[in-house]
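Make the full structure from the sequences, and use the hints.
Listed below, chain by chain, are the residues.
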Amino acid sequence: MAEVKVKKETNLSDPVEVENRIKELCQQFPHGITDQVIQNDMPHLEPQQRAMAINKLLSLGQLDLLRNSAGLLYRLKDSQSTSKMKGSDNQEKLVYQIIEDAGNKGIWSRDIRFKSNLPLTEINKILKNLESKKLIKAVKSVAASKKKVYMLYNLQPDRSVTGGAWYSDQDFESEFVEVLNQQCFKFLQSKAEAARDSKQSPMVQRNSSFATSHEVWKYICELGISKVDLSMDDIETILNTLIYDGKVEMTVIAAKEGTVGSVDGQMKLYRGVNTIIQPTGLVKTPCGLCPVFDDCHEGGEISPSNCIYMSEWLDF
Amino acid sequence: MTAQEVRLCGLLLREHFGEVVEKVGTHLLKCGAQNLRTIIHETGLSVDLVKKSLCVLVQHGASTFSSGRKGPGSPTEYHASCDRILRILRYPRYIYTAKTLYGDTGELIIEELLQRGHTTMSSTVKTVADRLTQNMAEGLTMDYSEVSSTFSKLVETHFLQRCPPLPRVGNKDSSAPSETPAAPGTPAAPVNTAPPTPESFPECYKVPSVTLIGRGKRQLASEDGEEQRSAKRAKMDPETHGDEGIYWQVNFERFHLHFRDQTIISAVANKLDQTSSEIVRTMLRMSEVTTSPMATCTKPLSANEIFRSLPPSYNILRPILDQYLTLLVDDPMEFVGKAGESGGGMFVVNLHRALANLARATLESVVQERFGSRSARIFRLLLRKRHLEQKQVEDFAMIPAKEAKDMLYTLLSQNLVQLQEIPKTPDYAPSRTFYLYTVNQLPTARMLLQSCYKTVANLVERRLFETKESKRLLEKSQRIEAILASLQVSGAEPEQLTEVEEMITAPEKQQLDTLRLHINKLDSAENQVDETIFLLESYINSTNASS
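Order-wise, the sequence lines are chains A and B. For reference, each letter of the first sequence is one residue, going 1 to 316 in the UniProt record's numbering. For reference, each letter of the second sequence is one residue, going 1 to 547 in the UniProt record's numbering.
Do not rely on the hints blindly, as some may be mistaken.
[As the list claims (entries may be wrong)] Computed far set for chain B versus chain A, every beta-carbon distance over 10 angstroms: (1) Lys271; (2) Ser302; (3) Leu310; (4) Gly343; (5) Arg353; (6) Glu389; (7) His518; (8) Ala545.
[To be verified] If you only want the chain A side, here are some residues facing chain B, beta carbon under 8 angstroms, derived: (9) Phe172; (10) Phe176; (11) Ala195; (12) Ser198; (13) Pro202; (14) Arg206; (15) Ile277; (16) Pro279; (17) Leu282; (18) Leu289; (19) Val292; (20) Cys296.
Note that these hints are calculated values from the structure, not bench results. Keep in mind that this is a model prediction, so the values were computed, not measured. Note that CB positions come from ideal geometry on N, CA and C, so glycine has one too.
Have a look at this one:
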């Protein structure tokens, strides 16, 4: 009891005491405290003194100022991050904060300028500074190759920036995609042929020629041709390109939740198919593939009578 | 009647009927329906020539006449039909189909009818019997009754039909155009403006009772020259056989339905397997005469009926048949659909959808051959997903951005892909509009059809050019062949024959061989492009019918 009394008698108008008290309150409420909370705790404190204490803590970088719908919030900052910013001035801290908020998507230098209202030259200087301190890094966006986004040094860039599994160092890996494409197709084709040769009833034949996306994914992972880990979604995008090539068709069936590979109660099945017609008659003639087809007419420079493509084709 | 179509019709008319007919025909195609005086005036030909050309055109059904625009009493107007002239391209296919279905007899009957346009049954039977007898071994002749029975079979399956009798004026006896030149200037009776279709007459497919007893006559060698000369001129046959005035023509629509069925069956065989295609073939055969040409799908057939009508060589069990039918129905191409549950399941063949799928496959194959498989991937992607932005195209097709952009622009410049602008602001500012790529199947099919017509015209012209280049050589070889033939008939010695043969030098022979090779290649290419034309035309007509 006596200790409590002792505490109460402490002179709370001492600025350091005020600051410490505020810090303790922040620790109590890790999500942040409003002005109201501080006032409730130290009702005798003058608003001026309170404001001075809060400003001191902010400038020391020990408190974070946030705004929410109710008003201003004060939050205790990590001691680790506070140590980083020692020696930086306010502007840098502001810029750093903006970049941190952008998370792993990164933020473009023009957006930083908008958010902080600082002139371009200042921003560039600060960014160079921070980069040399190894606090932030620049990542080239895959969408626009000239654009550089900044994010915190230790963060992994998001997929939308790097392009995910198909991009390595901002280059679209078309050979990798091609290889995967062919491997998936071969797998589905061999499955279809095995089903056809099995000579069972047609229903069974057709069902055994199907492969779920999960099976294809497992096959590709076991093949080990990919350096990066591919998810089932990645494999599904590859299989979609096969559909657009006209080599594969897809159906969706309902599946129990527990079965392997089912997403939201349904599974996608793929199977290899043949085209329904042979290459059409028009493309078997030179005119069907002629690059100057529109310029060709009788009596002109390019005409059927003196067509070199036709002469070559006839002598073939 | 596009420029390309008119050009192709002109070339076909020139090849088959000569330059005069070509001139009259193209004039009619370009200028619409005209009366005799105007034609004579504008083409600058003599009255006689124009009349004869019109006769030829009417005889082959390429031209029809009707009373003038100003009402009955004004001079008759002649109207050329572009479609009918383009059918000339397809004659080899018709003859080949008749051969596969009805053997040599059928082939010759169809060939005769295609050559003559409209003929009576008796004259056809006689000519065909004579030709068959020609090729048979010594001492054998072809009986007329055999040829008549094949003729009747052709009529029963609707491959041949009667020409519609033309309206009479007064007490005219002969109504239908006969083989002798008739005076085309006679005005027709007041008729309704639309020409009657052959099928609107109830006796369209009725075989007349014809008394035809006899056998084919074998021609002797000495009669050869005379026969050739009189082949063009109408044979004035003194015998009558009871079918005067009844003229027959080839029913092209029926052949087209047959071709369409064949294409669907082969597509099913490619996509699924042989047994499924046999089932579809049975279904189509059963609906041959019950389905109208413009129908969207065949009449529903129950699984029981299909099971009974399957060819006996395919003895599959009933449950297996049911499985096959289910698989056909489930297939994404939707060739076969289920129309009900009675009788073990009622199934239809979706004709229009099958045609649309086939046309789409044709478009895709053209893009693939012309621009490569990646462009084909983009094309198929746009066909499936309708409208896409450029970024989305790159993502879905998994093609690097630069290449995808290049391919899209190439396709756009060739008009195979269209751009749809969706503005965000009313001022259509480029930075604030969405640009979506899209493919419209029907207009693209029409555009490709026109390219096909141009291609065929190019091939025909090239063939004529090649023939013209080597005209001198061809004439020389013809003369030498004639000399050889006459020497052989008159019993010459081998030395004389070899001497004549050596008049053609070796390089000339080689040149002749290459020329023959070229002409054959161009001919077969024309037939192949005609297959594409048929597919695209059927698709476009099917969309016309349903819309």
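Minimum Cβ distance from phenylalanine 176(A) to chain B below 8 angstroms?
This interface hint is violated because 10 angstroms lies over the 8 angstroms limit.
When the least beta-carbon distance from alanine 195(A) to chain B is tested against 8 angstroms, hint result:
At 11 angstroms from the nearest chain B Cβ, alanine 195(A) fails the 8 angstroms test, so the hint is violated.
With 10 angstroms as the threshold, tell me whether glutamate 389(B) passes as away from chain A on beta-carbon distances.
The assertion about glutamate 389(B) holds, with a minimum of 13 angstroms to chain A.
Closest C-beta approach of proline 279(A) to chain B relative to 8 angstroms, hint status
5 angstroms, holds
Return the status of the interface hint for leucine 282(A): holds when the least beta-carbon distance to chain B is below 8 angstroms, violated otherwise.
Holds, about 4 angstroms.
Hey, is histidine 518(B) genuinely clear of chain A, shortest beta carbon separation above 10 angstroms?
5 angstroms, violated
Separation of arginine 353(B) from chain A, once the least beta-carbon distance is taken, above 10 angstroms
Consistent with the label, arginine 353(B) stays out of reach of chain A, its closest Cβ about 12 angstroms off (over 10 angstroms).
If I take the minimum Cβ distance from serine 302(B) to any residue of chain A, is it greater than 10 angstroms?
20 angstroms, holds
Are all beta-carbon distances from alanine 545(B) to chain A longer than 10 angstroms?
At roughly 22 angstroms from the nearest Cβ of chain A, alanine 545(B) sits farther out than 10 angstroms, so the non-interface label holds.
With a cut-off of 8 angstroms on the beta carbons, see whether isoleucine 277(A) makes it to chain B.
5 angstroms, holds
Go through the hint on phenylalanine 172(A) and say holds or violated, using the shortest Cβ distance to chain B against 8 angstroms.
With a minimum Cβ separation of about 4 angstroms from chain B (threshold 8 angstroms), the hint on phenylalanine 172(A) holds.
Over 10 angstroms from every CB of chain A: does lysine 271(B) meet that, or does the non-interface label fail?
Lysine 271(B) not clear of chain A: closest Cβ-Cβ about 5 angstroms, inside 10 angstroms.
In the structure shown, a violation is registered for the earlier hints numbered 1, 7, 10, 11, 12, 19, in ascending order.
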